[in-house]
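Number of protein chains: 2
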Amino acid sequence: MENLREASNKLKLLSTNQKNKALVEIRNAIIENTEEILEANMQDLEAGVHLKMKGSLLDRLTLTHKRLNALAESIDDVIDLKDPVGVYLSGQTMPNGMQIVRRSVPMGVIAIIYEARPNVTIDATILAIKSGNAILLRGSSSALNSNIALVKAIKQGLAKSDVPVDAVMLIEDNDRDVVKQIITANEYIDLVIPRGGAELINMVVENATVPTIETGVGNCHLYVDKDANLGMALDLLQNGKLQRPSVCNALETLLLHKDVADSFLHKMYFKLRGCLEFRGCERTAKIIDVTIATDEDYATEFLDYVIAIKIVDDIDEAIKHIQKYSSNHSECIVTDNLTSANKFVDSIDSSCVYINASTRFTDGGEFGFGAEMGISTQKMQVRGPVGLEHLVSYKYIITGTGQIRE
Amino acid sequence: MENLREASNKLKLLSTNQKNKALVEIRNAIIENTEEILEANMQDLEAGVHLKMKGSLLDRLTLTHKRLNALAESIDDVIDLKDPVGVYLSGQTMPNGMQIVRRSVPMGVIAIIYEARPNVTIDATILAIKSGNAILLRGSSSALNSNIALVKAIKQGLAKSDVPVDAVMLIEDNDRDVVKQIITANEYIDLVIPRGGAELINMVVENATVPTIETGVGNCHLYVDKDANLGMALDLLQNGKLQRPSVCNALETLLLHKDVADSFLHKMYFKLRGCLEFRGCERTAKIIDVTIATDEDYATEFLDYVIAIKIVDDIDEAIKHIQKYSSNHSECIVTDNLTSANKFVDSIDSSCVYINASTRFTDGGEFGFGAEMGISTQKMQVRGPVGLEHLVSYKYIITGTGQIRE
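Protein chains in written order, with my numbering: chain A, 1259 to 1664; chain B, 1259 to 1664.
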């Protein structure tokens, strides 16, 4: 990991033009190595099929000509983004004549620990280099062949640029202990981003001494207020729950104001009973056919065609429920009442709070950030989609003419 | 700690006027309780004398009428500062008509673990309340009586305001295990700020699962370049090392370009030999009378009348030395050469990088932030002095008319 630190010390001194040149070379190398990358990906897919990996996981693991081209194109988008490094964030001349400016700088070395999605290998590398950071990649063993082929192409591209080849490092060792080494290597790593399920995130948070950005666990809620447009509420439920249930911004719990519960539940049952499993509170069970929901159901990120339902007496009970169970990712209120909307926004302590819009919009692309490193559910440094501008720190530069403190 | 979370949920909804009213009441209560606070402080001081506490520590522990008045006045300064909460940081209307705004919000509950300085009890409480955060105070056992009296006054003030009395909590239990409980209480604490020596900071970083802001360890360097004004360099050394050796922004190591070493060392020796212990490299030892410095000396934050000295061949060697030993707090180059100054600023990865000015300026007050929570030496969230504006996070608020993701 010493090589990474050294590479980072060189990389942080490069200009935007030099970094963009490296990104162009990476894009070209990926296109040139398409066949080799797809072959390696095929090995991973065959092993995945053999291991009876779930369809949705196999889909995420799959690279195709079309997907690789789209990834290469997304590199062009990052090239077009403004360099987040070297920005003068503030500055002043002090009464003694000393000048203090605050300038954005790279974090240094970023480590990302992620699931079997080869596209993350490219996204993370591109974002890191553009923001002047060296990157340590630790992907899933089930995508190892794909990642090796991708990183080979990336390094081939870097070799034609001023960015040191050592600025990108792939950990091929599958041992879990390697992750523990990474997340405690404070001397060599400045930031760890775990990206994956709750188990991985918790393991990292519990064991890391390197600062981390927690990402991705989304126990998201939809609260249908007494003054809601119920047709809109049903559309938002359907979009939030069913469009892509396996992602972190999908809905997991539906909270219903008691005054609209009866009407909404009948509409919902009629429309969605064929494609969704309902787990509801006792009051819900009196209205439609549901399995009784447990506390654990309310705490679970199903990532599946299942929704937990609870009828509440008022907005305060809805807020209390969310405060108790939420992972602080994304929550939505459906209402036409301004007082309720404001109360919900002010009280809910989540990265993204929605009024009358789908939680599925919590995404770097949808927010206009370009590619993203994940969705932060913590409060330090960055909340919500983690884009280019969140991968930097800053330093104060103080220029004087011999000023001393009295 | 549940009470703190509940208090935080109420406090975060209060207006600037309501929070400022609470600060006024705290100031008044401290003035009204002056005698009781000073008596409690006297008990701590007597115990400290009995335990043969160092003079500099006793000085930090001491409260007087004058110091308490100054503290009360500093509350007025914080009242005058702009509320960091509720600021609209950015916002846009998306192509589908959905509006995304980013608004600053309190962190929630902040815990501070600190040394025997009763003024920190007031500073930390005031900054926390102004930024809408509840605060858990865990001071040193040797300041316990003072802290109990101060927090009693603070709560007396809060009782006359809209800020819940439970928003401030003092841990009176001296057990070290309590610290471990605090720094792993992710459900109740959003941010931990350890403030003290390297041992405390390391313990917190190694064991915390709650996000932390590392503060205060300062192994600060002064590099005298070949193109330095040597008179200025000597002034900066004297100010940085001798004005207040026990603080984190004091100098610990002097690096000298070989071309100026001879001349500078003689000047320095003549002026400071009576009040400073020199530990130098072999080359230094050939010029002036020093103890030979070890690697450990270069790594040590002496906080005392001792300085480590090393002669380097060029600026690159100076930069490498700092990269190896620095705690990333504050470093200074003395030079009249623009290329050297820029190289130093770009290469050194510290919170505050000085050109021709004393490292002693790294301080919230000197930077114009008012009171501070400490000096951050990490890269996430905040670097350098931690003031009011660094104690907040943000949330995205997305307002729509039923938009769903295609």
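A portion of the hints provided could be inaccurate.
It does not matter which identical chain is used: a pair holds within one copy or between any two.
What the hints assert, rightly or not - Straight-line C-alpha distance at most 20 Å; calculated DMTMM-like pairs for lysine to aspartate or glutamate:
{"no.": "1", "residue 1": "K1529", "residue 2": "E1293"}
{"no.": "2", "residue 1": "K1279", "residue 2": "D1420"}
{"no.": "3", "residue 1": "K1340", "residue 2": "E1445"}
{"no.": "4", "residue 1": "K1270", "residue 2": "D1574"}
{"no.": "5", "residue 1": "K1340", "residue 2": "E1293"}
Simulated from the structure, these hints should not be mistaken for lab results.
Do the hints match the structure? See the list:
Taking the closest pair of Cα atoms, K1529 and E1293 never come within 20 Å of each other, the shortest separation being 45 Å inside a single copy and 72 Å across copies. Within a single copy, K1279 and D1420 get their C-alpha atoms as close as 8 Å, which meets the 20 Å cut-off; across copies the closest is 57 Å, which misses it. When the C-alpha separation of K1340 and E1445 is checked against a cutoff of 20 Å, the pair qualifies neither within a copy, at 29 Å, nor between copies, at 37 Å. With identical chains, the CA atoms of K1270 and D1574 are at most 20 Å apart between copies only, with a shortest distance of 16 Å across copies and 49 Å within one.
Within a single copy, K1340 and E1293 get their C-alpha atoms no closer than 32 Å, and across copies no closer than 58 Å, so neither meets the 20 Å cut-off.
Going down the numbered hints, you'll see the structure goes against 1, 3, 5, while the others check out.
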